[in-house]
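Peer 1: Read off the chains here:
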Amino acid sequence: MSAASAERRGEPIVSVRDLQVRFQTSDRRATVKAVDGVNFDVRRGETFGIIGESGSGKTTIGRALVFLLKPSAGAILHDGIDPLALSRGEFQSHRRDYQIIFQDPNAALNPRMTILASVLEPLELARVGSRAERERQAREALERVGLPQEFGERYPHQLSGGQKQRVVIARALTLKPKLIVCDEVVAALDMSIRGDVLNLFADLQRDLGLTYVFITHDLAVVSHISERVAVMYLGQFVELGPTEEVAERPLHPYTIALLSAEPRPLPSAMREESRIVLQGEVPSPIDPPSGCRFRTRCPHAQPLCIDRVPEWRELKPDHWVACHFADRPNFSPNTLETTP
Amino acid sequence: MEAGQPAQRKAEGARDGARPLLSVRGLGIRFKTSQGIWQATRRIDFDIAPGERVGIVGESGCGKTITGLSILRLLPGNFAGLDGKILFDGTDLASCSARQMRAIRGKRIAMIFQEPMSALDPVFTVGHQIAETLRVHTDVSYEEARAKTLEMLRRVGIASPERRIDDYPHQLSGGMRQRVMIAASLICGPQLLIADEPTTALDVTVQAQILELLRDISETSKTALMLITHDLGVVAETCTRMITMYAGEVIEDATVDEALVRPLHPYTSGLLRSLPHLSPRHGRLPSIPGRVPSIAEMPAGCRFRARCAHAAKGCETEQKLQDAGGGRKVRCWRFAELNLPGALHPPDTPAAAKVATQ
Ligand SMILES: Nc1ncnc2c1ncn2[C@@H]1O[C@H](COP(=O)(O)OP(=O)(O)OP(=O)(O)O)[C@@H](O)[C@H]1O
Ligand SMILES: Nc1ncnc2c1ncn2[C@@H]1O[C@H](COP(=O)(O)OP(=O)(O)O)[C@@H](O)[C@H]1O
Ligand code: SF4
Ligand code: SF4
Ligand SMILES: [Mg+2]
Ligand SMILES: [Mg+2]
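Just so you know, the sequences run in chain order P and B. Heads up, the first sequence is in our numbering, so the first residue is 42 and it goes up one at a time. Heads up, the second sequence is in our numbering, so the first residue is -4 and it goes up one at a time.
Simulated from the structure, these hints should not be mistaken for lab results. Don't be surprised by glycine CBs; every beta carbon is placed ideally from N, CA and C. Only true hints are included.
With beta-carbon atoms standing in for the labels, derived distance ranges:
hint	chain 1	residue 1	chain 2	residue 2	range
1	B	Tyr163	P	Ala71	17 to 25 Å
2	B	Gly56	P	Gly130	41 to 49 Å
3	P	Glu352	B	Tyr163	38 to 46 Å
Stretch-level coverage of chain B by chain P, calculated; a stretch enters the list once three of its residues show a Cβ under 8 Å from a Cβ in chain P:
hint	stretch
4	167 to 177
5	200 to 209
6	220 to 227
7	249 to 255
8	262 to 269
9	278 to 286
A few chain B residues facing chain P, derived, Cβ under 8 Å:
hint	residue
10	Glu54
11	Ser55
12	Ala231
13	Glu232
14	Ala338
The shape of chain P in the complex, shown without the other chains (with noise of 0.2 Å):
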């Protein structure tokens, strides 16, 4: 990590201001609202993770950031430059220093292509150096990611699911991005080597001063890796914080209710008997409930929560919440009953 960019660490890298995104259905009748209103700031060399049910939008809020999509509606900062403002020469360029990774490695690499040529491929594009130069880069990322030289010459079918991602958080890094986006990267892979991914991903951080926002469904792994975290439903996101914070202390429903649904692999002697069994399933986001969004689920349902959209308000010091009654003294998690 170079001395200007360990400066400003915690500065703000990405501004996520109101931004929204919409999709048509198919049959052009209505519109699903993926992503509507949602605020954050990713801070340089820090992992965001975002967790949230399947459809929750965590996808969609992560193609936007890297303007895969473009927003509906609202405002993405990179390093306080609107991307959108550039012209096209200035964007590509741009771009590259925002990478995403998707879940499934084989649906990112070419299978004709030697794990070398899928690792040139993004250099070549970008007209990086001489034709040495660039091999020398790609060879570098391979062993970053600790995959042996030989492996270059191999093809994806040759490699395993881990292996597989290796390859392709190399290509990601030979451009030298300042922040990757990763979705879902560890849902894919075996049990044994989540591990060994999951550590690749820290060392980079350490070595190049990346930033990660770290997307996943899986409260393990999200708590693991990321210093914040923020969930979401139904396109919003309901609670941001400190990971330690948002997982021993959580002040939304839904995030008590999420933790508390976790299968946890812990002798019987030490899991809780009462768990809270949210019922019914997250409702459609073409037409999501008034008010709260989650009051349909919520044990704690009032007539308020039918009328007015809870604020996003920060309850506590850099710990933020939307619910109209996270900050009642008697709203924490032991006192919450389970529901019949």
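Use these hints to put chain B with the ligands onto chain P, whose structure you have.
Peer 2: Chain B with the ligands alone, transformed into the frame defined by chain P:
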């Protein structure tokens, strides 16, 4: 074993019980492939007692699904042979005729899968599909079948089943489809339910509902459950016993508590230690080096040897699934001398000590 742990006591009782419901001995499956005959699984031994809930865990490709399918004799087209015995309530399923199997499948042994959509027929209503299973196996009138279907839908937690019974599968959410699958599998009151990753495609809050339902049903109707999953948390929440598979073999068989606290096989221990939520936040995660050997290049001797930190001279010999005392089994000759960490570590935390001494 102390009081206050009814689930565990039940498992003990079941294990010492007279006759197991299912007794698999030396089960092995072969497939024809372009590279010759592949031995996908071999030497699988385990028992399931009536009403017992057993988790089958292991990484992708270790043979969990194949084992489940072979009990029902539902093997893919390139199936090339089955060794061993599958004793179910005294009958060897391995030597049953196709006709005998049809009478058992769906009635006495039922199976549910990860993706309920692929198991439900899109052109029939859910009510029709559930009632049909009942009508194939029992002599009931249309009205009786419909009434029983309604009752079963209610039982699996479908709200206002009268309104749902005539819905088509695509009209239901993922969680509701899995409930319908469970209703269809339970309608004939099977003695054994094989559930292959039944919650992997579901969100965590819906997963919690389905696991609670499976546990509840097995307790109240005494249906034995064989739960196939790669998620050790799911096993801990749902089952009383855990069978760990590696590279086509059973490598450990113990109660869930024993396996989590004091695993005897280095692979089980490695798996438990590599789980993120059990290690200190932001610390390095222990992981198992290397990868599962492919079927084509299975090593002789212990199949875990190339990845095992405890490999020694002697491990190159074939490993038997041996009795480790107290009803436990392990496929590692060094188990007694290794003192392996489990899910709680350091293993001498008061909580771990408390569990270990029970
Ligand atoms: N039809 C088939 N032909 C050849 N090999 C097969 C066939 N079906 C399965 N196998 C092989 O048998 C082994 C066991 O497969 P199985 O599906 O039982 O794994 P699993 O433990 O259920 O894995 P997962 O967790 O990924 O579902 C694997 O190596 C697999 O590649
Ligand atoms: N290209 C698209 N067209 C229409 N709807 C979409 C599209 N991409 C995502 N959606 C919808 O937006 C919502 C959020 O999706 P997504 O961001 O993929 O969620 P997550 O990653 O949290 O599972 C979902 O309802 C999804 O169906
Ligand atoms: S605002 Fe109301 S419905 Fe929403 S989470 Fe808070 S208590 Fe529940
Ligand atoms: S037999 Fe040897 S190599 Fe295999 S698990 Fe035991 S100690 Fe490790
Ligand atoms: Mg996604
Ligand atoms: Mg399987």
